Amino acid sequence: MSTPSTPSTEVLLSVRDLRISFGAVEAVRGLSFDVHEGEVLAVVGESGAGKSLTARALLGMPPRGATVTGSVRLGADELVDAPRSVRSALWGRRVALVPQDALSALSPVHQVADQLAAAVRSVDRVSRKEARARAVAALEEVGIAADKARAYPHEFSGGMRQRAVIAMAMLHQPDLVIADEPTTAQDPETQKQVLDLLATRTGAAGASLVLVTHDLATVREHADRMVVMYAGRLVEAGPVGEVFARPRAPYTAGLLASVPEAHPVRSTGLRRLPAIAGAPPVPTDLPPGCAFAPRCPLTDATRCRTEQPEPETHDGRTVACHRWRELPDNPAELFLETV
Amino acid sequence: MSHVSDVNPLLDVRDLVVRHGTRTVVDHVSFDISPGETLGLIGPSGCGKSSTAMAVLQLRRPDSGEVWFDGQELTAMDERRLRPLRQTMQPVFQDPYGSLSPRHRIRDAIAEPLHVQGSWDRTTGPARVAELLERVGLDPTHGDRRPHELSGGQCQRAGIARALACEPKLLILDEPVSALDPSLRAGILNLLAELQERLGLGYLFICHDRALVRHFCDRVAEMRDGRLSSS
Amino acid sequence: MTLVARLLKAARTPGSRAGLTRLGCLAAVLATVGLLPWLSGRDPALTVLRARSAEQEATEEALDAIREDLGLGAGPLSLLGNWASGLLRGDFGTSWVSGTDVLPSVVAGLQVSLSLMGAALGVALLVACALVAPVLVRARGSAGSLAAMLVALPEFLLATLALLVGGVWLGWLPTSGWVGPQYMVLPALALGIPAGGLLGRLVADALPAVLEERWVELWRGAGVSQARISAAALRRVLPPLVPQFGMVAVGLTGGAVAVEVVFAVPGIGRTALGAAKSQDLPLLQGSVLALLTLGLVAGALAALVRRRLLGPALRDAGLTLPAARPVRAHPAVPVALGAVLLTCIGWGLLRDPYAVDTTARLQAPSWAYPLGTDGLGRDVLARLGHGAASTVGTAAAVCLVSLLLALALGFLPSVAAGSSDIANALPPVIVGILVAAAAGPGTGGAALAVALISWPPLAAHAAALVQEVRASTFLHAQRAIGATPFWILTRHVLPSVTAPVARHAILRLPGIALALASLGFLGLGAQPPAPEWGLLLDESRAYVERAPWAALAPAVALAVMAGLAVSLAAYAERDAGGAGGTARTGSASGRGRFAVAFASFRSPKESAQGSVKESLKEPVR
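Residue numbers (the UniProt record's numbering), protein chains in the order written: chain U, 1 to 339; chain X, 1 to 231; chain E, 1 to 621.
Quick caveat, the hints were computed from the structure, so don't treat them as lab data.
As the structure is a prediction and not an experimental result, all values here were calculated from the model.
For glycine and all other residues, C-beta sits at the position ideal for the given N, C-alpha and C.
Be a bit skeptical, because a hint or two may be false.
[As the list claims (entries may be wrong)] Examples of chain U residues toward chain E, derived with CB under 8 Å: (1) Leu59; (2) Met61; (3) Leu106; (4) Ser122; (5) Val126; (6) Met168; (7) Ala169; (8) His172.
Using the sequences plus the hints, can you model the full thing?
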C-alpha cells in the first residue's frame, strides 16, 4: 500500500486510503501517496478522475456534501475528520491553494492589494497600513508594480491575476502549495511564465508543490514525481523521467503515446496517432473490475473485468494493473491497433 | 497529401479585414487551401484566429477583403444567394456541446442539414443518418440520445457527422480537440485524418498547440495581433 | 424630473436604447396621469357640480359653465399641456370636491407617508438582519421558508392580521388614526415585515452561492479568517442587489396604500385611493405623481449607492451574482396546499354564494355553514369557493395575456428591459388606482392593471433567453448549414424560449391572484355583491369582533395561496435562472444561464448525473 520515500527527503504529507464520496457515488476510491519535502508532485488525470477533489482533501477543504474517509497527515496533523479550527489554523501558514485561473479566483469587488492585506491581517496582528505595505511588497516580488496594487482583478490580464494569486498563497511561507490546474485556459507563453514563477517561488521557500493538471507537457517540464489517476484511483506513480521513459500502466502508456510530441515529424509517414479507444467512465456507472479495462488493449476476460487491481510497488515505482509486466517495450503500437 | 497540387485552390482568402468597433482583429490576412490539404492556423488566444474563421464562413461578414470559395466570391453575395452554398463549407467548433441544440436528439441534429436542403427522403434518410453515425465511429444507439447524454468526444463526433451530412468540401476546424480530455484527442484527430483521405476535404485547422499543428497540418500559418506571419 | 431620469439612465447602462424606452414609458405614464380627466370618459363636470352644490339642477348651462371653468372643452392635448405647465409652476390644480389647492393636501399626506415608510424601513432592516445573521454565522444554508413566507404575505393581509391581533384582541396599541408615535407601530410592522423578508431573503439567498465562489477558497487557503471572509462576502453580494433594494422601496409605496387604509392613516396612499373613489381627479393626479416620484427617487438613490459601492473601476465590469440555489420546499408542501385550496373551492362551488338569509347572520361555523355566515347571512364557504373561481380565473387570463405579450416583446430586448424597469417602479396598487380612475372600478379594470405590470418580468426573462440562444454557438452552426431565419426561429429559438417562459408564467399565477385580491380589498376590483377574496376580507372587517371566522376564512385562504406562491416560486427561480435579477446587469456567463434554461429538458437521470459531475468540481475545459 505505501509508497516508499525517495531516500534523500522526509515525507511532508502522507495520504492513505483516501475516499471521497457524494451519497452513494464514490469519486475518489482509495488513494495512497506521499508528498516529500521540497518536491514537485504532479497529480495527473482527466475530468472525472477525482484529482481536484483530492486536492481539496489535501487542504482539508472538502466541498459541501462530500464524505471523506481515510487519512491525510501533514506532519503531526491529521486533516480528515479534524475539527475546522484545527484545519483552519493550517491554512495559509502550512498549506495554501493556488486555484485555477479565472476571473473568479480573486474577489471581483476588492482591490487586489486589499485581498492580500486581508490575508496578512488575519494571521499577523499588524496595522492596516503595515498589512497593505506587505501586500504591495509581495505583489512586487511576483512582478506586479506597486502602482497596479490599487487595481481590481478584472483590470489584470490572466497571467497577472495568476501571479497575484501565487503571491497571496505564498504570503505566509507555507510548507505545501497545492496548485489546481493553475494554467488552464491560458495560452502557452503565459502558462510557462506562471509555472516558472510557481516553481521558483516554492523552490525559494523550500516548500513542496502539488501540481494538479491534465497537461502532460506541464508535468514533464515541472514535476519531480507524478501520480496518475483514473476514475478515482491511482494507476501509476513514480519519478517523472522514469514514467515518461517507460510507463508501466497501459493507461499511462496510451496517454503518453497519443500526444503528438512523441512523434514530432510528420515525414515519418505516421499521420495516425496512437489513441485510447472509448471514453472515461462516469463515476455513477463504473465497470466492475479495473475501471480502464473496457478501453485497455491488454485486458483479459477474467481478472481485469472482475477484480480491481491493487497498487504494487517495485523499485520506487507504483502501478495498479494486473498485467503491467506484459506491457511491450513499445506500447504505442498497442494503441495504434485500436484505431 | 496526395491531393495537394497546383490546381485552383478550394479556398482563397485575400486581404481579409475584420474590425470589432475601432479595433482591427483581423488585419489584411491572405491564405489559400487546396482540396485535400490542411492549413494550420496557430497563435495565442485573442490573436484573431476565431474571427478569421467566422469571416471565412461568412457567419460574421468581413469588413473588407475577398473570400473565394470553389470559384465564387462570397463576400459580395447577399444572404439569399449565399445560403445554398453554405453547406459546402462547414465549421466544427471547440465546444462539443455548444454546437448541437441541447433539445434535439443526435439523429435529428444530423438529419437537419438534409431537411434544410430539402433533400430529406423518408425512405433513404434514416439509412443515411445511420451511415454517418457509423462513419464517425458512433453507435446507432447514440443517435437516440441528446448531447448531454454523450461524452465530449462522442459529441464532437456527432458534430462532425452533422457537418458531413452537408457533403462539404471544406471543414473549418476551430480548436476541435482543445476542449476534450487528452485521451480522447488522438481519436478525433485520427477520424479527421481518415475522413480527409477518403473524401478529399480541405481543412482549416485552428489550434494553439504547436506540436499538434505540426503533426496534423501540411502547412502552418502563424497569427499574431490579427496579422499573418507565414511559415 | 430630468435629473431623476438622468440618474436612472446612468444607473443601468445596458444600452442607450433601453434608456430611451425607459424615458418613453415614463412619459407615457405621466401622460396617462395628466389625461385622466379625459380618459375617464365620464363627465367630470357632474362630479364637480355635485360636490359644489348638491341641490343645484344639473342643467346643460351649469355643466357648460363648469367645463369652461375647468378648461375641459379644449380637448386632450391642451388639457395635458395645461396640466404640465401648471406642474412646472408648482400648481397642482384645485380639488374638484373640496375646491382647495391640491398641493397642501399632497404635501401633508406625503409627510405622514414618509414617516410611516421611514419607520417601516427600520422594521425591514431589523427583520433583514435577523434573517441574514444566521446564514453568515453558519456560512451555509439560507434564510429558509420563513423568510419566503414573510415575503409572500401581502401587506393588506398582514395589516388586517396585525389589526386583529395587536389592536383588537390584545388591545395594546391604537388601531386607527395618526396622533402619536404609538400609532405608527402596527402600520410600520405591517409594512416593514414583508419588505424586510424580501431584503433579507435576497441577501441570504445570494450568500451561500457567493461563499462557494473560487475566491473564497483562495482567501481561506491563504489564511484569511472566517470573519473577514464573511464581511467580504457581504460586500460582494450588495452591489448587484442594490437595484432590487430600490424596488423594495417602490413596493413600500404600493403597500402603504393598503396599510394606510386599514389603519386609517391620513397618508398619501389613502388620499390617492379616496380621490380615485370620489372621482376627484386633480387630487388623484397630485397624489399619484407624488407616489411615482417617491418610487423613482428610491430607484435613483439605489443606483447611486450601487455606483458608490462598485467604485469607479468596476462600473463597466457587469457584475453578476452566481445563480442562487433556491430553497426547495418539499414537493409535498405545494401539493398539500393546493389540495386544501382545491377542496375548499370545490366544496364552495357547489353552494350558493348569493343567497341572503337574514335570520342566519354572523353565525359560527356549523354543519349547515361549515365556515359560518357573513353580515348578510350568506354562506362564507360558498363565497370563498366562488371567489376563488373568479379570482383564479381572472388571474389565469392575465397570465396568458402576459405570456403572449412577453413572447412577442422578448424579441425586442431593449423594449423588454426598459418596460420592465418602469413596471418595477410601479406597484400594482397604483396602476390599479389609475385604471380604476380612468375606467371605473371593476374586475376588468383590476385585471388590466395587474396585466399591465405582470408581463414585463416575463418579457425580460424571454428577452434574456432569446439573447442567450442567439449568442450560442449552435445558432452559428444552424446558419452554417444554410438554415433560413424562419427555420431557426421556429425550430430552435421559439421552442427554447416558450417552454421556460410559459412555466415561469404559470408559477406566477398565485402571485397575480394575490395582486387581484389586494385590488379587490381596496375596492378597486370586483364590486359587491360579487364574491372575491380581497373584497370578502374587506367586508368582514366591519364585524370582525363579532364574527372573526368570516374574516379568518379569506385571510387563511389568502395565506395558503401565498404559501403556494412561495413553494412554487422556488421552482420558477430555477427556470428563470435569476433572469429577473441578473439579466439587467448583463450576464458574464451567458452560457451558464443558457445551460440552466435548458436543464429542464434533461431527464431526471441525466440531471442527477450532471449534478454529480458538478459536485465533483472537475474543471470543464
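Query raised in the report: Hints broken by the structure, by number, lowest first?
Result: Going through the list in order, the structure violates hint 5 alone and respects the others.
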